[in-house]
Amino acid sequence: MSAPLKLLYFAWLREKAGIGEEAVPTPDGVATVGELMDWLVGRGGGYAEAFSDRKVVRVAVNQEYVSLDHPVAAGDEVAFFPPVTGG
Amino acid sequence: MSAPLKLLYFAWLREKAGIGEEAVPTPDGVATVGELMDWLVGRGGGYAEAFSDRKVVRVAVNQEYVSLDHPVAAGDEVAFFPPVTGG
Amino acid sequence: MIKVQTEDFDLGAELKALTDGNHAIGGLCSFVGLVRDMAGGDKIGAMTLEHYPGMTEKELTRIEAEALERWPLDATLIIHRYGRLEPGDQIVLVAAASAHREAAFEACHFLIDFLKTKAPFWKLEDTPDGGQWVDARDTDDAATARWNLPSGKAAE
Amino acid sequence: MIKVQTEDFDLGAELKALTDGNHAIGGLCSFVGLVRDMAGGDKIGAMTLEHYPGMTEKELTRIEAEALERWPLDATLIIHRYGRLEPGDQIVLVAAASAHREAAFEACHFLIDFLKTKAPFWKLEDTPDGGQWVDARDTDDAATARWNLPSGKAAE
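From first to last, the protein sequence lines stand for chains S, Y, D and G. Numbered by our numbering, the letters in the first sequence go through residues 1 to 87 in order. Numbered by our numbering, the letters in the second sequence go through residues 1001 to 1087 in order. Numbered by our numbering, the letters in the third sequence go through residues 2001 to 2156 in order. Numbered by our numbering, the letters in the fourth sequence go through residues 3001 to 3156 in order.
Hints in this document: simulated from the structure, not taken from any laboratory. Every residue, glycine too, gets a C-beta built ideally from N, C-alpha and C. Do not rely on the hints blindly, as some may be mistaken.
Claimed, not checked - Covered stretches of chain S, going by a simulated chain D footprint (3 or more residues, C-beta under 8 Å):
no. : segment
1   : 2-11
2   : 74-87
Unchecked claim - Here are the simulated PhoX-like cross-link-like pairs (lysine-lysine), alpha carbons at most 20 Å apart as the crow flies:
no. : chain 1 : residue 1 : chain 2 : residue 2
3   : Y       : LYS1016   : Y       : LYS1055
4   : D       : LYS2016   : G       : LYS3016
5   : Y       : LYS1006   : G       : LYS3016
6   : D       : LYS2058   : S       : LYS6
Stated by the list, open to error - Derived, one-sided and incomplete: chain G residues facing chain Y with beta-carbon distance under 8 Å:
no. : residue
7   : LYS3016
8   : LEU3018
9   : MET3038
10  : LYS3058
11  : TRP3122
12  : TRP3147
The task is simple: from the sequences and hints, build the whole structure.
In structure tokens:
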């Protein structure tokens, strides 16, 4: 049995998704970040709302910024968040 | 009798001229900064050396930067100095 | 040096420590970001800064390393706070010290521009209508872009 | 604010005083110039800064006024020391505070660039060969020129 994906949500993405952190087994048919987002939207409710406008969603895999075609694999830490506003 | 010119010299111009401050009656035939420099050079010695390269001499009349054709008049404070190197 | 913390910092002591004993340094440029009491047209009371522990430190370290590669610097510092902050509070300090002032200025400017668009922090402002997540600004993206970012990052 | 003095200054206290109580300020940019122990390739022991009392204050006041006219600033500060200074000593502090960071950065950069070519200070460095007047640098003129100086000044 392979390690689950660790999913993190920050700022208003966390609020809309209704969760800050969760572990999920890598879903069947999910090989990229974009496919993972499709699968999350398919769960409906808060997830669908959180990802309704993907232009304002940033993704990091293992704490590095990536694009939607980046692969996801068992054990990865995948974080979703809005454009950053620090400083 | 009109007020004298107050002449000031700074940095290596002061060292070459051999004087930091002096008062002189406005010399005959001197109406501009350039003519005042000619007159000072005519005194010879340290003055001639101080003004030997006019490209590196800056002039202020009454504490404002001026060019060589700026008028000088009785009572003016005229300062000569190298390009500045503060900061 | 990188510090991510909730506590306030002593600006004078931090800057002093950065140059102390290094007489090759001719210039120290620093920028401090402060909490404003206005956001858009609205009065705000306070704000809460959320961040992504782990990735924050990684990104700040990467940004600092890039500055050190681009300019001849003797010292750099990034301090960023998170948690609840009141108007007038210090949020962030970036500083760069170099033999020459242009390097210090450019590196300091680069540090804050990159931090603004790369470091995973998010501001939640208290407004009369409740908590409001601050929107990212296009001008910040433009400020980062002018440093001619090596491509291949999907950050923006 | 303009200060011309022989005494050292407390960097942290000066910067703090500049923003204290003004919650409209979002960013404070500062630059400190320090005495280096190297000049060209020579080790220097100390230096003496000469200036033109009266004109110095006039020029610094003019430079500060020009910054306040060009950028939306909440506060500015210029401190310049004169007299004998040792390596590591602070020579100059310029700072600008604004609602926005770009204004703070640009104004601070402008202040030091103009000060460098306009304020009547001269450095005499102690070298192994005796006192050496520091030469003005063409790069300083270029740094001033990029701010698109209104013409009519014969300073350079």
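How the hints compare with the structure:
{"no.": "1", "hint": "2-11", "in the structure": "holds (count 3)"}
{"no.": "2", "hint": "74-87", "in the structure": "holds (count 8)"}
{"no.": "3", "hint": "LYS1016(Y) - LYS1055(Y)", "in the structure": "holds (16 Å)"}
{"no.": "4", "hint": "LYS2016(D) - LYS3016(G)", "in the structure": "holds (14 Å)"}
{"no.": "5", "hint": "LYS1006(Y) - LYS3016(G)", "in the structure": "violated (42 Å)"}
{"no.": "6", "hint": "LYS2058(D) - LYS6(S)", "in the structure": "holds (18 Å)"}
{"no.": "7", "hint": "LYS3016", "in the structure": "violated (23 Å)"}
{"no.": "8", "hint": "LEU3018", "in the structure": "violated (19 Å)"}
{"no.": "9", "hint": "MET3038", "in the structure": "violated (16 Å)"}
{"no.": "10", "hint": "LYS3058", "in the structure": "holds (5 Å)"}
{"no.": "11", "hint": "TRP3122", "in the structure": "holds (4 Å)"}
{"no.": "12", "hint": "TRP3147", "in the structure": "violated (15 Å)"}
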